[in-house]
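A.B. asks: Okay, here's what each chain looks like letter by letter:
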Amino acid sequence: MNENSNSIILDVRRLLCPLPVIRLQNKIQTSPGGTLITVIATDRGVLEDIPTWCRIEGHHIHSIQEINREIHIEVLVKS
Amino acid sequence: MIGKRKAVSLISGGLDSMLATKIILDQGIHVEGLNFFTGFCVEGHTHTLRKRPPDKPKRNNALWVAEQLGIKLHIIDIVEEYKNIVINPKHGYGAFLNPCLDCKIFMVRKAKEWMLSHHFDFIITGEVVGQRPKSSRKQVMPIVAKESGADDTLLRPLSAKNLPATLPEREGWIDRQKLCDFSGRNRKPQIKLAETLKFSNFAQPAGGCCFLTNETYSNKLQDLWHARNKREYELDDILLLKVGRHLRPNKNFKLIIGREEGENNYLEGYCQQFTHLRILNYTGPLTLLDGVFNAEEAHLAARIVARYCHGRASERVEVQIQSPNEDPRILHVTPFSPDEIPSEWLI
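Protein sequences, first through last, are from chains A and B. All letters in the first sequence, in the order written, are residues 1 to 79 by this note's numbering. All letters in the second sequence, in the order written, are residues 1 to 347 by this note's numbering.
Calculated directly from the structure, the hints in this document are not laboratory data. Some hints could be false.
To be verified - Pairwise CB distance ranges, derived in the manner of DEER restraints: (1) A:69 with B:320: 18 to 24 Å; (2) B:219 with A:34: 48 to 54 Å; (3) A:34 with B:234: 49 to 55 Å; (4) A:13 with B:151: 29 to 35 Å; (5) B:92 with A:13: 36 to 42 Å; (6) B:161 with A:6: 52 to 58 Å; (7) B:92 with A:7: 26 to 32 Å.
Stated by the list, open to error - Partner residues aside, some chain B positions facing chain A, computed with beta carbon under 7 Å: (8) 6; (9) 37; (10) 58; (11) 60; (12) 63; (13) 75; (14) 77; (15) 164; (16) 237.
As the list claims (entries may be wrong) - Computed far set for chain B versus chain A, every beta-carbon distance over 12 Å: (17) 28; (18) 35; (19) 49; (20) 242; (21) 243; (22) 249; (23) 250; (24) 269; (25) 324; (26) 327.
By construction, the Cβ of each residue, glycine as well, lies at the ideal position given by its N, Cα and C atoms.
In isolation and in its complexed conformation, chain A is listed as follows:
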């Protein structure tokens, strides 16, 4: 995991759902509001599960991209 002030990269490649959601959930617990977390995943289940979890928790999905069979989801932590 790489961290840079208000942006964080969360590498959950190879992990299958719900583990990416668990890792994101745990990371957000220690991240201040306004942090931008880029989740990098290979399990396509994240396309459904992370937005659902973010809707429940009130975090904002900033963007979703598929790059070379990897899924990059930017999550803006609620303030």
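Take the given structure of chain A and dock chain B to it, following the hints.
C.D. replies: Here is chain B on its own, set in the frame of chain A:
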């Protein structure tokens, strides 16, 4: 002044926990959900690996339920703690390696810990008396409450009227008359209640929510323990048991052969850790070799893998074998015919 009472609900993603939670929400209780990740969950892990019928949504049902109900869901990784439940279940196994009663006690105990640390008042589950042959008998309901430490803070809204009143009922936090009296394996009352509450598109039960209730999966786990001469596992072990076709020609090694593109993609992630085989001159599966093997056994493995590629009828198949940190080697093999693979190799 006492604030709004709070309940923590064990959310599996199935209909019963959804209904139980809704019943309590409708009585003005604040409810949050807990969902435990054991590593054996059917939920989630398989839905992206294998092709599914188009009518089956690719979603995590526990999250879907939480969103439908408008509650928070806390997904908790209990993989490490759960090992002892699988390996040494006090109350034994069900039909396969499913330690259902110990599992239920453990999860309610974890819910009790969460309840105390988050200042909640009681626990709810979607259990129905008599629904499952071992872990839901009326006689074992008090065992779960007692051994988990939850005691009378454990409320089962779907069967509450068949059970002694619990703390939230006695204290008047909820109205017992508005709870249910479901029992047995007949699911019609739940379906009817779901219709009344206008729930649709909920997950239908399909062989349980845990791979340990699956005979084939349990056989693979037994085989793993037998081959290693010890009853232990790591998360990757139990995840790989869900993937591919497993064949063990000898006690010292086995093959994990991808059955379709999704499984091959998943197995790719393990190529840095395992010796793996690829078919070069035909379309074919990615295969991992788990264990130790000699050159003759590697050749045997290549012939097995070749049997599952599109060149299975040909005389010669090129198989690349590569071990971690080594250069790949090419083997030219004749594929096994189906009757050359003994059925006892298939786990």
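A.B. asks: Would you mind marking each hint as holding or not holding in the structure?
C.D. replies: Status of each hint after checking the structure:
Distance hint check for residue 69 of chain A and residue 320 of chain B: the Cβ-Cβ separation is about 21 Å, which falls inside the suggested range of 18 to 24 Å. Here the CB-CB span from residue 219 of chain B to residue 34 of chain A is close to 50 Å, well matched to the stated 48 to 54 Å. Taking the beta carbon of each, residue 34 of chain A and residue 234 of chain B are about 37 Å apart, not inside 49 to 55 Å as hinted. The beta-carbon spacing between residue 13 of chain A and residue 151 of chain B, approximately 44 Å, falls outside the hinted interval of 29 to 35 Å.
Distance hint check for residue 92 of chain B and residue 13 of chain A: the Cβ-Cβ separation is about 39 Å, which falls inside the suggested range of 36 to 42 Å. In this structure the supplied range 52 to 58 Å holds for residue 161 of chain B paired with residue 6 of chain A, their Cβ-Cβ distance being about 53 Å. Against the hinted window of 26 to 32 Å, the Cβ-Cβ separation of residue 92 of chain B and residue 7 of chain A comes to about 50 Å, which falls outside the hint. For residue 6 of chain B, the suggested interface contact is broken, since its CB lies about 17 Å from the closest CB of chain A, more than 7 Å.
For residue 37 of chain B, the interface hint holds, since its Cβ comes within 7 Å of a Cβ in chain A; the closest pair sits about 6 Å apart. The interface hint given for residue 58 of chain B is met, as the beta carbon of that residue sits about 6 Å from the closest beta carbon of chain A, less than 7 Å. Of the supplied interface hints, the one on residue 60 of chain B holds, with its beta-carbon coming within about 5 Å of a beta-carbon of chain A, less than 7 Å. At its closest, the beta carbon of residue 63 of chain B sits 5 Å from a beta carbon of chain A; the interface hint therefore holds under the 7 Å criterion.
Of the supplied interface hints, the one on residue 75 of chain B holds, with its beta-carbon coming within about 5 Å of a beta-carbon of chain A, less than 7 Å. For residue 77 of chain B, the interface hint holds, the least distance from its beta-carbon to any beta-carbon of chain A being 5 Å, beneath 7 Å. Proximity of residue 164 of chain B to chain A is violated relative to the hint, the smallest CB-CB distance being about 34 Å (cut-off 7 Å). Given hint, residue 237 of chain B at the interface with chain A, is violated; its Cβ is 14 Å from that chain's nearest Cβ, farther than 7 Å.
For residue 28 of chain B, the condition that its CB be more than 12 Å from all CB atoms of chain A holds, with the nearest at approximately 21 Å. Not every CB of chain A is more than 12 Å from the CB of residue 35 of chain B (nearest about 8 Å), against its label as outside the interface. Non-interface status of residue 49 of chain B relative to chain A is broken: a Cβ of that chain comes within 12 Å, the nearest being about 7 Å off. Interface exclusion of residue 242 of chain B from chain A breaks down, the closest Cβ pair being 9 Å apart, not more than 12 Å.
Distance check for residue 243 of chain B against chain A: the nearest CB is about 10 Å away, which does not clear 12 Å, and the non-interface claim fails. Against chain A, the non-interface label of residue 249 of chain B holds: every CB pair exceeds 12 Å, the least being about 27 Å. Distance to chain A confirms residue 250 of chain B as a non-interface residue, since its nearest Cβ pair spans about 28 Å, more than 12 Å. With a least CB separation of 4 Å from chain A, residue 269 of chain B falls inside the 12 Å interface cut-off, contrary to its annotation.
Annotated as non-interface, residue 324 of chain B keeps its C-beta farther than 12 Å from every C-beta of chain A; the closest such distance is 15 Å. The beta carbon of residue 327 of chain B sits about 24 Å from the closest Cβ of chain A, which is more than 12 Å, so the claim that it is off the interface holds.
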